[in-house]
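Asks: One letter stands for each residue in the lines below.
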Amino acid sequence: MEFDALLLSRIQFAAVISFHIIFPAFTIGLASWLVVLEARWLATRDETWKRLYRFWLKIFAVSFGLGVVSGVVMSYQFGTNWAPFSLFAGEVIGPLMSYEVITAFFLEASFLGIMLFGWERVGDRAHFVATILVAVGTLISAFWILSANSWMHTPAGFEIVDGKAVPTDWWAIVFNPSFPYRFAHMVAATFLSTSFAVAGMAAVALRRRSDDTGARRSLAMALGLAAVLAPLQVFIGDLHGLNTAEHQPAKLAAMEGHWRNEGEHGVPLLLFAWPDEAIEGNRAEIGIPHLGSLIITHSWTGTFPALTEFPADERPPVAVVFWTFRVMVGLGLLMIVVAFWAQWRRWRGRLFEDGLFLRLLPWMIPSGFVALLAGWFTTEIGRQPWVVYGLFRTADGATALARHQVLTSIGGFAVVYSIIFGAGLYYVGRMVLRGIVLPEGGTAVEPGGLQQAKRPLSTIGETLDGDDSAGGG
Amino acid sequence: MFEHFTDATGLALWLPLASAGVIGFSVALYVLMDGFDLGVGILFPGAAKPEWRDAMMVSVAPVWDGNETWLVLGGAGLFALFPVAYATLLPAFYLPLTAMLLALILRGVAFEFRFKTEVHKPFWSASFHVGSVVATFTQGLVLGAFVEGKAIEVGAGHWAWLSPFSVFVGLALLAGYGLLGATWIVKKTEGEMQAWARDVAGRLVAVVAVALVIVSVWMPVMAPEIAARWFAWPNVAMLAPVPIVAGILCVAIFVSLRRGGESLPFYGSFALFLTGYAGLAVSLFPALVPGRYDIWQAASGPSSLSFALVGLGALIPMILGYTLYNYYVFRGKVRLEDVDGYH
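Those protein sequence lines, which keep their order, are chains B and L.
Position 41 of the first sequence, counted from 1, bears residue number 31 in the working numbering, the numbering being contiguous throughout.
To get the working numbering, take the position in the second sequence, counting from 1, and add 6.
So here's chain L without its partners, still in its complex pose:
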């Protein structure tokens, strides 16, 4: 079924494919899971009361670290499975990635430091918010520039990642993570605070819907090869459900928010992200560094792939198991006394 894409057969075909699956899975989980806790940081200053901000922070405090670990796995996994892609993509996005890492540092330490002080609390609140915003924006910037492809051409300039499209995707991701964050808050809180989050989520789902439409028009206009891929058979059949499902999900999230749904908006936003992600994956497959390397060209040799995949295949299910356990332990509405007993 992959003869359109590669001459590889047997293990040489399947090991790189499975590896790409692992990377894709890690990045998807990262986007969903750190997405909602970054979103909580993005919405932070919008909270009307100091208690709300404390509740927002406490709601993600036990899980943010595990969420962010998927980003580390994405990095280390790319290093192991596709060193060529790792060594091409990371230098191409040097400055935005550095900014992202610095921003993640500033928001990460806020979880520890913010509850230790009243005097410096505004500083750590600001570091949590600004760090979340900058980390999200730079992730969107890198995603946009990655799809656009100019920054990863041979001999690309140091600023090639900066373009109207990449900036737009950066802004769109702020709305997207904001939506994940807002629906998370709906799920984890009650009363007046939940009403506020509902209102924010309702607006953001509209913004996200508009942004999705704009990106979907912009991409094929910007890149004729993407247009060619999208509208060629059989891709058009594979991609056709994407906008339909996305549209249905946007409406479902919106309606559920209005009708008092508590969990559905959150899981609906998850599904919306996954739909967009799947659409992107189909558009790019099998390119790993668009325009330069496909999955098979960028993959490590069979010894590295099989050694790494044995561990990944055996351990990722375990990781998912105890991650679910962790969420199960902290299930239900946020309890501020969790953090009270600790700090």
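Chain B with its partners taken away, still in its complex shape:
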């Protein structure tokens, strides 16, 4: 494998988009979570809801900020590193991305200011509207970007003129065949990831102070949602898989490690295997006979196209697709187990009792994000060697840059993203360790803070420095 500009550009794109997607995923979930919290506060006027809102708002703001700055990068990546691809697909992808900016980004950016800083200025009702608009904005953004991405998997509504894709039917482009499934799967994934992140952080806080009422409410609500969404996601994922079987059979064959069809034996479901492209088969295969047929074709001996039925240069890298898919599914199943366990404990009235369960939850914080990234790796690497499936190869899409240029930019992104990711984790961690909503006003944000405007300005708010004690401020 030669580290030429093409490979370096691919590494860079994979890195910057993987880094980026974590934050929108978290903010999509948190924005809706904040709508629920503010609605509860407006309905009940129970101060705990407002303080809960304020707490998660700060986490939301950190995540949103990281998403914004890493997102600006994305709107330039296609041009800087993927100029031939931009020429080929720009007339289709470009307008979709423009719609994302004008229907979502401006909405989010403008009302975020009011959400964060404007409560006292605009009053409760307008503030609630701002929260809703930001939440809607995050979903609109997901709509457009997943439409654009799905078009690259299942292109529709275009014709090829002079070597580029020219749109003929925008409805068919926006609602291309894989879009509804991918959109549903992704939105469910963002809510699920957020549920486990919220529950895990709440568990950290709860284990430090068992009287943290904010942590209790957060944990119960988040895992309640997860108990519904985690099984639902299996159903949506199955539909998405069937859609892949129909439109991208080579990807599906790689996901299943399915090299060749063997007649009436059907296709097994492989639990473990080491796919090896050199021998066009799997090493150390452990599978459940016929289950693959049953899941994909809903029949005992049904078959679907196998890898060897595609020319070698139209197959995706098999092992990485096979394994990232299993990581995603495995984590999804784990989430179901944990969410159901939580409901059982809740039924027994032991949800907040310290023990194995509360010790496990913090480890689940990254579970949704890891599953989400693994799923994206499956679908994007599974589309290879194409950047636009069946039409345009990734190898033809990269700008003819010099190696030193791409190495420089990769180095820059690595350093800067490490700093901001590290800082984000650190400050969010500090906030959680201080407690979410403690009794007698022990949170970092005093609702009465507005009366303290005369104090020295350099101590705006309270900082997160120092040896934190469980009690916080």
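Since the hints were derived computationally from the structure, they do not count as laboratory data.
Nothing false has been slipped in among the hints.
Which residues of chain L face chain B? A partial, calculated answer using Cβ under 7 Å: (1) 79; (2) 81; (3) 97.
One-sided excerpt, in silico: chain L residues whose CB lies under 7 Å from chain B: (4) 68; (5) 71; (6) 82; (7) 83; (8) 86; (9) 89; (10) 93; (11) 100; (12) 119; (13) 123; (14) 124; (15) 125; (16) 307; (17) 310.
Glycine residues also receive a C-beta, built at the ideal position from the N, C-alpha and C atoms.
We have chain B already, so just place chain L on it with the hints.
Replies: Just chain L now, with coordinates in the frame of chain B:
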């Protein structure tokens, strides 16, 4: 009226023109709006007291994100409406654009992180300042190299964007954004801090005036084709008011700063930028990638243009509406308690 420039008629004439208008509008709004919040970052270390720095940050905290979104629209809009220009210009400026993006990241996160810490505050202050300076300088560098045109010739070297002219424009833009930032601070603060910003703005308007003169002489000397355009009829008539208006604006800003004007210096600086921008647009029109593609050659087909323009035409007025609302909510002198209630 465009028969000098193209044979296109009807929709083939007007859709690309309208598209260029949208891109031009986005870039102009970006320069004005992110210009003043980048300027605030450029001036950051000049503030004598820590409270001033907090006030500067708070004054732009609710709006910087929306301001920067115009840059995203510029990028995405170019991708949609002029993919050829997008695919030509961005690789030509690979390193300065990458540096700009990294700098925008470092200054953007400072808004979140700086108020969360005393211990690391100097680091995030530095990241806000250095990020603002580098982002501004690289934007000027790219603008200068774009006008100069060497970096976008076929077969241009990887470093062709680096020239005395592009470096000069980079430095000039630091003064320009600095002026926008300083007059913004005048508008948003009072007392001793406002006096400081007034003083800085007064100096910067002089620097900007000198820089404008130098660029205006340098450009036609450097590029005979620009000289030919400027001094040919009817362009000379269209361009003649530009230096006059710019001169009047510089004087007006300066005088208003002296006489205690609070908003006029800021809006005057806006107008000064727009004047320079208009002059540049007239000099380059109808080229989109100077020397290679004009607006009509670089435009997407009618299906993409009309689909995108329907949305842009309908939504940009709405965006402007709620952007104005956002500024209206945070109108008046900066209130530090806004951020106090949040962090």
